[in-house]
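> The lines below spell out each chain.
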Amino acid sequence: MLKIENLHASVEGKSILKGINLEVKPGEVHAIMGPNGSGKSTLSSVIAGKEEYEVTDGTIEFEGEDIEELAAEERAHKGIFLSFQYPVEIPGVSVTNFMKTAINESRKAKGLEEMPAKDMLKLIREKSELLEIDRKFLSRSLNEGFSGGEKKRNEIFQMAMLEPKLAILDETDSGLDIDALRIVANGVNKLKSKDNAVVVITHYQRLLDYIVPDFVHVLHNGKIVKSGTKELAHELEEKGYDWIKEEVNA
Amino acid sequence: MDLKDKLVSSFLAFENKVDVESYVHGVRSEAIKVFEEKGFPTKKEEAWKYTSLNSILKEDYSVFPKQENALEHRDVKEYLIHEIDTYNIVFIDGKYSSHLSRTTHDGMDVCLMSAALNKPKYRLVIEKYFNKAASKDSLTSLNTAFSSEGAYIHIPKGTIADKPIQIIHFSTGNESATMLQPRNLIVVEENSHVQIIERHQSLTDNPVLTNSVTEIFTRKRAIVDYYKIQNDTANASLIDNTFINQERESIASVHTFSFGGKLIRNNLNFYQNGERIDSTLKGVTILGDKQHVDHNTLVHHIEPNCESHQDYKGIFGDNATGVFNGKIIVEKEAQKTNAFQSNNNILISDKASINTKPQLEIFADDVKCSHGCTIGQLDESALFYMQSRGIPKKEAKALLMYAFSNNVLSSVKIPEVKQRINKIIANKLGVNIGFDL
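Chains as they are written, first to last, in my numbering: chain A, 1 to 250; chain U, 251 to 687.
No lab work stands behind these hints, which were simulated from the structure alone.
Misleading hints may appear alongside valid ones.
Computed from the model, here is a short list of chain A residues facing chain U with C-beta under 8 Å [unchecked claim]:
no., residue
1, 82
2, 90
3, 91
4, 92
5, 93
6, 101
7, 105
8, 137
9, 158
10, 162
11, 163
Virtual Cβ for every residue (Gly too), placed ideally from N, Cα, C.
With the hints as constraints, model all of the structure from the sequences given.
Rendered as structure tokens:
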């Protein structure tokens, strides 16, 4: 599904990703862990198509197609979704209207009619219940004045609405209390299927107790320096990242 | 001959056509003297520092319409709010079109200024109100001197106007350049309520200069909602002078939507002559090309316990330029005044510019006054966020700009007016999305 080879990327002339190789197949859950500044968020932004990031070498393929030249919205239309570490506040645009616009623009891009209002409302009701989101919340301005937990829950609500093939969850656990973490993880797990894939980017292991990864990768200094199974996450939780750095430097 | 000389000399010709013995003509004669003495304002005057009239004054305007031009309803339907039943007062090249209008004298007067100025039964109202709110600046004086046609609206005591009133001025472009000077008088008596929509629309690209004066009197506990839709063609310029004289406990709001035209100057003046008055001034401006808008507002708080709310949003692209000059005066007697002013702007091009200047003159010591202005750009991180959800950049920008204006739009009380504004905005931004936020 996603195939990244020798990916180098920089922002404002500063090289951040220095040769990433990663392959994600349908049905898989991958976790990418690593210390602060290792390039985790950059990797997610580059996959989602943020313009400020320049790919200097290597390739990103999604379902066999090179997506490097595609705009962010075109990648979204193909089924790539990024749950933001810091969701952006958009005053004046309600959650409902934002989702309506997003879904209908995606449908438009695929040559489909706009979704009838009735179906849209039904979908919104269904998915908001999955994330235990209060209906009143949906008429508020997107992310404006939301708590950290509300923002993250709203990200997963959007994911549920858009039903992406590949979801990248960037530090979705940060700022979540245990109840919110459980709700968010439960939402992600219910959306999982053999046809879609999830990449969980996290600093800590605790989210991985709920969203259990098939593979764990450690990112350090712009490269994946170690890959393993979920036991690797436990090891990192116990020992921290220093031993990895030492191993790399040795 | 320059335009000023041409206007002053054509006043003599104008006098041949009107009743020079009337009360109003005395007012006109005084006014032409003021204009002759002051002339057109120049950038040397503080209030005109950022707006030059030079480029529009050099046209050779025809100052009196030479012929009556007929228009069919279907040709101009798109410029009317036709989805609802309204009274319409329609002018073509400055002349009243009975064909396109729907006026009334049933329980209230929704009719013509020319009738009100000439018929004896209106004399008392005219003598009491005509030119009583208007200031004596040169452009208003110029309009006063030639005032002969426009809308006359008189809502008697305790009357709620049964439908909104549209005042529409079309210019057909039959002359190579046309100058229009409509004069409107609106008197809303005690406990009465009216909604008014005003539009100036040129039907060609020939130059048009409109110097319009509207006087509005809101008596005790009266309510007036006024909507100005400014979306004219590339060579049409508008100088709008609106004066609102409010009595105690009255509520008046003016929404100004500036989306098109060459040069727009809005001189919007509120005078609060009584206690517990509420005044609202709101605007959305979206301009591009080399268009220019200048919002020049005045709220004069004269008595205690009154409020004013100003909220102007501006979006400027290409080489467009904008000015916001908002003056609030709070007199010494006007204790417990609440006066708010906000002016927020987004520049979407490197060559666009905005000059914003709040002016507060506060002589009372127990008041709440706030003002704030911002100038920014579209939030790039918000754009990426929206794109990552599948909303293309152009649509994402449009949605952000619409959301930015939404505070102003949300207070429009006629749903069909709001829908029309939404449609104009969507057209202007080149997108096809519903903005029902």
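> Indicate, hint by hint, whether the structure satisfies it.
Hint-by-hint comparison with the structure:
no., hint, result
1, 82, "holds (5 Å)"
2, 90, "holds (5 Å)"
3, 91, "holds (6 Å)"
4, 92, "holds (3 Å)"
5, 93, "holds (5 Å)"
6, 101, "holds (6 Å)"
7, 105, "holds (5 Å)"
8, 137, "violated (15 Å)"
9, 158, "holds (6 Å)"
10, 162, "holds (7 Å)"
11, 163, "violated (12 Å)"
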